[in-house]
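*Asks:* Same order as they appear, the protein sequences are chains E and A. Following numbering that gives the first Met the number 0, the numbering of the first sequence begins with 0 at its first residue and continues without gaps. Following numbering that gives the first Met the number 0, the numbering of the second sequence begins with 0 at its first residue and continues without gaps.
FYI, nobody ran anything at the bench for these hints, they're computed from the structure. Source: prediction; values computed, not measured. C-beta atoms are modelled at their ideal positions from N, C-alpha and C, and glycine is treated no differently. It is possible that some hints are incorrect.
[To be verified] Not close to chain E: a few residues of chain A, all C-beta gaps over 10 Å, as computed:
| no. | residue |
| --- | --- |
| 1 | G296 |
| 2 | H302 |
| 3 | V303 |
| 4 | G331 |
| 5 | G355 |
| 6 | H423 |
| 7 | L436 |
[To be verified] A short, non-exhaustive set of chain A residues, derived as facing chain E with CB atoms under 10 Å:
| no. | residue |
| --- | --- |
| 8 | F80 |
| 9 | P84 |
| 10 | G269 |
| 11 | N318 |
| 12 | F386 |
| 13 | P417 |
[Claimed, not checked] These stretches of chain E come out as covered by chain A in the derived footprint (C-beta under 8 Å, 3 or more residues):
| no. | region |
| --- | --- |
| 14 | 113-126 |
| 15 | 225-238 |
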Amino acid sequence: MKVDIAKGSSFKLPTHCLSLARGEDNQFYAACFDGGIYALPQIRWGKPNKLAEHRNYASGVNWSRANRELISSGYDGHLLWINPDKKQTTREIKAHEFWSWQSTISPNGKFIASSTGQYLCGGYKYEPAQEKEPSIRVYEVLTGREAHHFPHIPPVESVAFSNDGKFLAAGNLMGEVRIWNLETEKEVARIQTGNFTGWGIIKGHYFTGGIFSLAFSPDDSEILLAGMGSTRDPAAGNGKQLWERWQWRDGAVERTGSANDSEIGQGLMETLAIHPGGKIFAMAGRLFKGQWNTAIFDLATGSLLAATDTKMRVSKAVWNEDGTRLYLGGSSGQPKGMKDIEKTDWGKVKVLKVSVS
Amino acid sequence: MNGAQQNCGNPEHGLHRRRFLEGMTAGAISSLSWAGLFSNPAFAEAAKKTQKRCILLWLCGGPSQFETWDPKPGTTTSGPFGSIPTSIPGIHFSELMPKCASIAHKTAVIRSMKTSASEHTQAINLLQRGHKPRPPFTRPTIGSVLSQQLGQLDSAIPNFILLDPCPEGNEFKGFKAGNWAGWLGAEYSPVRTGGDFGIPHVDKLDSITTNDHEAREDLRSFFSKKFENDTRSKAASSHNAVYGRVKGLMSCAHLFDLERLPQQDRERYGPGTFGQHALLARNLVEEGAPFVMVANGMPWDCHVFNHEIYQMVVPDLDNIIYQLHQDLEERGMLDDTLVIAMGEFGRTPWLNAARGRDHYPNAWSLTMFGSGIAEGAVVGATDKLGFDVTGQAFDEQNLFATIFAALGINPHGEFQIPSLPNFHYVEDKSEPIREVLA
Numbered sequence: 000m001k002v003d004i005a006k007g008s009s010f011k012l013p014t015h016c017l018s019l020a021r022g023e024d025n026q027f028y029a030a031c032f033d034g035g036i037y038a039l040p041q042i043r044w045g046k047p048n049k050l051a052e053h054r055n056y057a058s059g060v061n062w063s064r065a066n067r068e069l070i071s072s073g074y075d076g077h078l079l080w081i082n083p084d085k086k087q088t089t090r091e092i093k094a095h096e097f098w099s100w101q102s103t104i105s106p107n108g109k110f111i112a113s114s115t116g117q118y119l120c121g122g123y124k125y126e127p128a129q130e131k132e133p134s135i136r137v138y139e140v141l142t143g144r145e146a147h148h149f150p151h152i153p154p155v156e157s158v159a160f161s162n163d164g165k166f167l168a169a170g171n172l173m174g175e176v177r178i179w180n181l182e183t184e185k186e187v188a189r190i191q192t193g194n195f196t197g198w199g200i201i202k203g204h205y206f207t208g209g210i211f212s213l214a215f216s217p218d219d220s221e222i223l224l225a226g227m228g229s230t231r232d233p234a235a236g237n238g239k240q241l242w243e244r245w246q247w248r249d250g251a252v253e254r255t256g257s258a259n260d261s262e263i264g265q266g267l268m269e270t271l272a273i274h275p276g277g278k279i280f281a282m283a284g285r286l287f288k289g290q291w292n293t294a295i296f297d298l299a300t301g302s303l304l305a306a307t308d309t310k311m312r313v314s315k316a317v318w319n320e321d322g323t324r325l326y327l328g329g330s331s332g333q334p335k336g337m338k339d340i341e342k343t344d345w346g347k348v349k350v351l352k353v354s355v356s
Numbered sequence: 000m001n002g003a004q005q006n007c008g009n010p011e012h013g014l015h016r017r018r019f020l021e022g023m024t025a026g027a028i029s030s031l032s033w034a035g036l037f038s039n040p041a042f043a044e045a046a047k048k049t050q051k052r053c054i055l056l057w058l059c060g061g062p063s064q065f066e067t068w069d070p071k072p073g074t075t076t077s078g079p080f081g082s083i084p085t086s087i088p089g090i091h092f093s094e095l096m097p098k099c100a101s102i103a104h105k106t107a108v109i110r111s112m113k114t115s116a117s118e119h120t121q122a123i124n125l126l127q128r129g130h131k132p133r134p135p136f137t138r139p140t141i142g143s144v145l146s147q148q149l150g151q152l153d154s155a156i157p158n159f160i161l162l163d164p165c166p167e168g169n170e171f172k173g174f175k176a177g178n179w180a181g182w183l184g185a186e187y188s189p190v191r192t193g194g195d196f197g198i199p200h201v202d203k204l205d206s207i208t209t210n211d212h213e214a215r216e217d218l219r220s221f222f223s224k225k226f227e228n229d230t231r232s233k234a235a236s237s238h239n240a241v242y243g244r245v246k247g248l249m250s251c252a253h254l255f256d257l258e259r260l261p262q263q264d265r266e267r268y269g270p271g272t273f274g275q276h277a278l279l280a281r282n283l284v285e286e287g288a289p290f291v292m293v294a295n296g297m298p299w300d301c302h303v304f305n306h307e308i309y310q311m312v313v314p315d316l317d318n319i320i321y322q323l324h325q326d327l328e329e330r331g332m333l334d335d336t337l338v339i340a341m342g343e344f345g346r347t348p349w350l351n352a353a354r355g356r357d358h359y360p361n362a363w364s365l366t367m368f369g370s371g372i373a374e375g376a377v378v379g380a381t382d383k384l385g386f387d388v389t390g391q392a393f394d395e396q397n398l399f400a401t402i403f404a405a406l407g408i409n410p411h412g413e414f415q416i417p418s419l420p421n422f423h424y425v426e427d428k429s430e431p432i433r434e435v436l437a
């Protein structure tokens, strides 16, 4: 398999983009630090269209085919149902006391899930304290009714539905992924990998990192995890650009693959996106040291097929419908000077043209 | 319990060196022998009453002013945490500090610190020593100076205690023992313990009786003191000082044992090392230690994951400050105990690409309360985005002058060290921050 990457267009957003969603007709939506939920312009020089606003960072945006609405989440702990045509918030739910770290909609369009949890000191070595509220809440998309909630150890930074819509997975700071059967609400698998979590030997004695992104394989037999490898210095952000693949079915939890050391550099990886064709996946984040911050891997072998440095921190990667474009949301950081810091154009979406042969 | 243990916390140990020297100068007590001095109950009691102490919560790495004492809600520099009103009308702290907010009227905050060093080693030196380097002389750290000034004569409890569990956790790794104390000499360097660092070799061997142990120590002391005198050796002097310290430590090692502290207290201070060590510090000053510095590695240096870490470390600090204040107030120790929580600089108004804040010495905050400090003082301000100090800015010399003044020490007094130029506790006649002083 051969994959080529070329630079495509890019769009400016007011602030850092934490999440992206693809709607109908390849219309993309973004969730940003300023709390805004934006529709990306169809033309490169167009301006993003603000649709709604959270009272804190907007951390997630999802397209619901069922009711042709967006469902967003934010660090205000709320979920918003947004009619993009009318720029109207049709429903608001307070899902959590603390941030919604991530939200995701089930592939069948029935449920929206959101994860939360504040990292608070729970032990002598700063192990996270137990949750004070359910770490994951699942709502019905059409009614907004809470359908399920699940326990975890906070903070729970990532959440994903299986492709068949029957299972939900959530990953936390400590590298623990729990998978539940949505029908029975029973936990069916628990993955524990310490490889994404650093405990500061240098600098501070506390934990950093965790699982920042999760994605089920197309047949749901495996789950991909992304984040940053362990680091002794939590202030450096210099752990490996890491993904791992785990088999989880029938309680037979086993690691079946991971990023090849010779193909990766250092930096936090925040997002995974499996290609619509199901043969490759993208991982992106921040480059600390190395060659790339966005890479395409072979799903079967785990080999790196193509990579590029987009010169920004990527928080979310989303494919377009036919898999020829990879949309990357993020920024290069806030402007530094007093003169520039109030500018509201430092968020970015960069588009990569991807050809697979 | 041996004899030395019985002395721990004895009123005799309340007599601190500075007051003794002042007394000697005044001549009022110059004719008294040590024994005579301590047999004067009025003097011992007065000395005990005026014993000042200091706890420094050293927030190594540089805490963000935005997520603590100087939030900028609703601005582009605020980050994701909001602000909450405090017990002082019109003053807000970060929402991560509800407990400190509730006692704001009993503490003081300085929001207008402006210093020059933006890298850790230089900034730590600056904020630990209170002055820029002047080679070849090494100015002692605040702990060493206060241990000399407030330290108790012949105390079993070390005069300068550093509690820090993190071996490579801060730039102190680069401080050699003598560097802490600079020109004051190694006897004013800290005894360091905490976390997995117990104080080693302080248990008397079971195979030796107490009498034998003391006889051996007397003999060692006699010969080494003779050697020190005969050769005028500084090394021998330091060696003897260390031996003296070990002897003291053997008698008060139990004061460093967390397990002996009440479980209820341990729960109140939180399970993390910083909280546990802050409790230990409270206990140590209660037992007579004049200066205890509590550090916890360098957890405030969040170039990466700033908000992800601050959501944990700030509530931890909030609780620790609150518990310390409550305990010292309850015990009637606030008048004599100064508590400072500070780092070596603040953090940038902007977020870098790694979702972190970088070093920022231009405008930062700290808090202090207790001995000599005005309750409810909120001194200085920064502009609406927190880029710069508006009005008068204060530097490390102003801060050190404030600390000395709050503890009843003349900031402009001279170090009495033969063969040194005339160094002062604070140079350039720098003024204390008057609004912070009671």
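*Asks:* Mind listing which of the numbered hints don't hold for this structure, in increasing order?
*Replies:* 1, 2, 3, 5, 9 and 13
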